[in-house]
Amino acid sequence: MKSIRKVRLAYTILQNVVLAIVALVFISPIYIAIANAFKESSLIQKSPLSFPIPILLDNIKRAFSTPGVNVGKMYLNSITLVVCATVLTVIVSSLAAYYMARTVSVIGPKLRIFFLLGLMVPCVLLYAN
Amino acid sequence: MKKDKVSVLFALPGGIIYTVLLVIPIVLALAISFTQWNGISQIKFIGIENYIRLFSDSRLSNAVSNTAIITVVIVIIVNVFGLLLAMLLNQAGKRSNIFRTMFFLPVVLSAVAVSFIWKSILSYTGVYNNLLESLGLVGWINNYFGSRTGALVCICIVEVWRALGFHMVLYLAALQTVPQELYEACIVDGGNAWDKFKSVTMPLIVPGATVSILMSIINELRVYDVIKIMTDGGPGYDTESIVYNIVARGFGNNQMGYSSAIAVALFIVIGSISVFVMNRSSKLEVEL
Numbered sequence: 001m002k003s004i005r006k007v008r009l010a011y012t013i014l015q016n017v018v019l020a021i022v023a024l025v026f027i028s029p030i031y032i033a034i035a036n037a038f039k040e041s042s043l044i045q046k047s048p049l050s051f052p053i054p055i056l057l058d059n060i061k062r063a064f065s066t067p068g069v070n071v072g073k074m075y076l077n078s079i080t081l082v083v084c085a086t087v088l089t090v091i092v093s094s095l096a097a098y099y100m101a102r103t104v105s106v107i108g109p110k111l112r113i114f115f116l117l118g119l120m121v122p123c124v125l126l127y128a129n
Numbered sequence: 001m002k003k004d005k006v007s008v009l010f011a012l013p014g015g016i017i018y019t020v021l022l023v024i025p026i027v028l029a030l031a032i033s034f035t036q037w038n039g040i041s042q043i044k045f046i047g048i049e050n051y052i053r054l055f056s057d058s059r060l061s062n063a064v065s066n067t068a069i070i071t072v073v074i075v076i077i078v079n080v081f082g083l084l085l086a087m088l089l090n091q092a093g094k095r096s097n098i099f100r101t102m103f104f105l106p107v108v109l110s111a112v113a114v115s116f117i118w119k120s121i122l123s124y125t126g127v128y129n130n131l132l133e134s135l136g137l138v139g140w141i142n143n144y145f146g147s148r149t150g151a152l153v154c155i156c157i158v159e160v161w162r163a164l165g166f167h168m169v170l171y172l173a174a175l176q177t178v179p180q181e182l183y184e185a186c187i188v189d190g191g192n193a194w195d196k197f198k199s200v201t202m203p204l205i206v207p208g209a210t211v212s213i214l215m216s217i218i219n220e221l222r223v224y225d226v227i228k229i230m231t232d233g234g235p236g237y238d239t240e241s242i243v244y245n246i247v248a249r250g251f252g253n254n255q256m257g258y259s260s261a262i263a264v265a266l267f268i269v270i271g272s273i274s275v276f277v278m279n280r281s282s283k284l285e286v287e288l
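Protein sequence lines correspond, in order, to chains A and B.
Residues 1 to 129, numbered by this note's numbering, are exactly what the first sequence covers, in order.
Residues 1 to 288, numbered by this note's numbering, are exactly what the second sequence covers, in order.
Hints are supplied without guarantee of correctness; some may be wrong.
[As the list claims (entries may be wrong)] Partner residues are not named here, just some residues of chain B that face chain A (Cβ under 10 angstroms, in silico): (1) 12; (2) 13; (3) 17; (4) 25; (5) 26; (6) 95; (7) 98; (8) 121; (9) 126; (10) 161; (11) 164; (12) 222; (13) 224; (14) 242; (15) 246; (16) 267.
[Claimed, not checked] In the BS3-like style, the derived pairs of lysine-lysine whose C-alpha atoms are separated by at most 25 angstroms in a straight line are: (17) B/94 - A/6; (18) B/119 - A/46; (19) A/61 - B/119; (20) A/73 - A/61.
Rather than coming from a laboratory, the hints here were simulated on the basis of the structure.
Glycine included, C-beta positions come from ideal geometry on N, C-alpha and C.
With these hints in hand, go ahead and build the complete structure from the sequences.
And the structure:
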């Protein structure tokens, strides 16, 4: 009985170690990107993985003050797009899904395939016109 | 009967939007694909000449083989490791929330941002090469974007990193629908861990696995943004994907008719692969 418990404990530890290693690999690119945003480029060359000491805000300032690049406007554009698209999608797709889920009809399954088509279309097909 | 008539109106807004934004452009693209058109001048009808040209185009066949390599590699890696991670997380129970968030983080980032992050890591003057230099492994330093193989490996790494979390979540959702009693029954019958996986888990996650495999195939066949930013199709035309080829041809070389023909062909390929996968998997599904 004791040995079974030991095996199980070892298994749990192994499982967490594997998960932690994979998680580390997954997180490191994001860490590198964020850390390097606050570093001088010479420091990035010298020690790319180190924590940014001192924290340098020059890069951020430059991003906001580059002529011709209006970060505020860009965010506004994205937010407008996201809000409109989300509201429209939620309303329209929930209505259509309600119909397809609640009624038994001939049109339902056909409509589902019709909507699934949208996933398969290469987006470039739509820009060409 | 009357009720039914009312409720079909529910699907109407979606149907209209879909028709206007999707079906009409597809039909138009289909029409353009039978013509020779540079986007500005007179449209000239040339029949199926564009489609005949598809088969003798070496730049396109290179793009097709790149897309095929990327798709096969990514679909296998993402689905196998997605399932493995999901099974580990499923067993870990409540403790797994932090890991789940970490794995899912790349999915919520935009493809463009992700590509720039990885470009700054993998480029010749990037983080990875700097790290090798500071570790003294100067011999390993390499310009990965300089050769077709190296660039394709880089693209695959980024795509795996981007997609794995999403497919892991799909598998996790499928695993959580498997009733616990069946595992107990399997133990009572004297089954070991492999039996549990083979006879209980596998048959019951077929619907979830189908969605995951199908989505990875569709997404990878349409791969574009990562390639555009990481290698821009280079060196030469060596790492172009099909969609990259379509955009380069249509807007770069002003061959609207020909690029529409490629797009229509790709659409047909994706459609038939999807139908094939769905047919296959519906045969594997079991009733509980």
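Exercise. Which earlier hints can't be squared with this structure?
Worked result: Result: no hint breaks.
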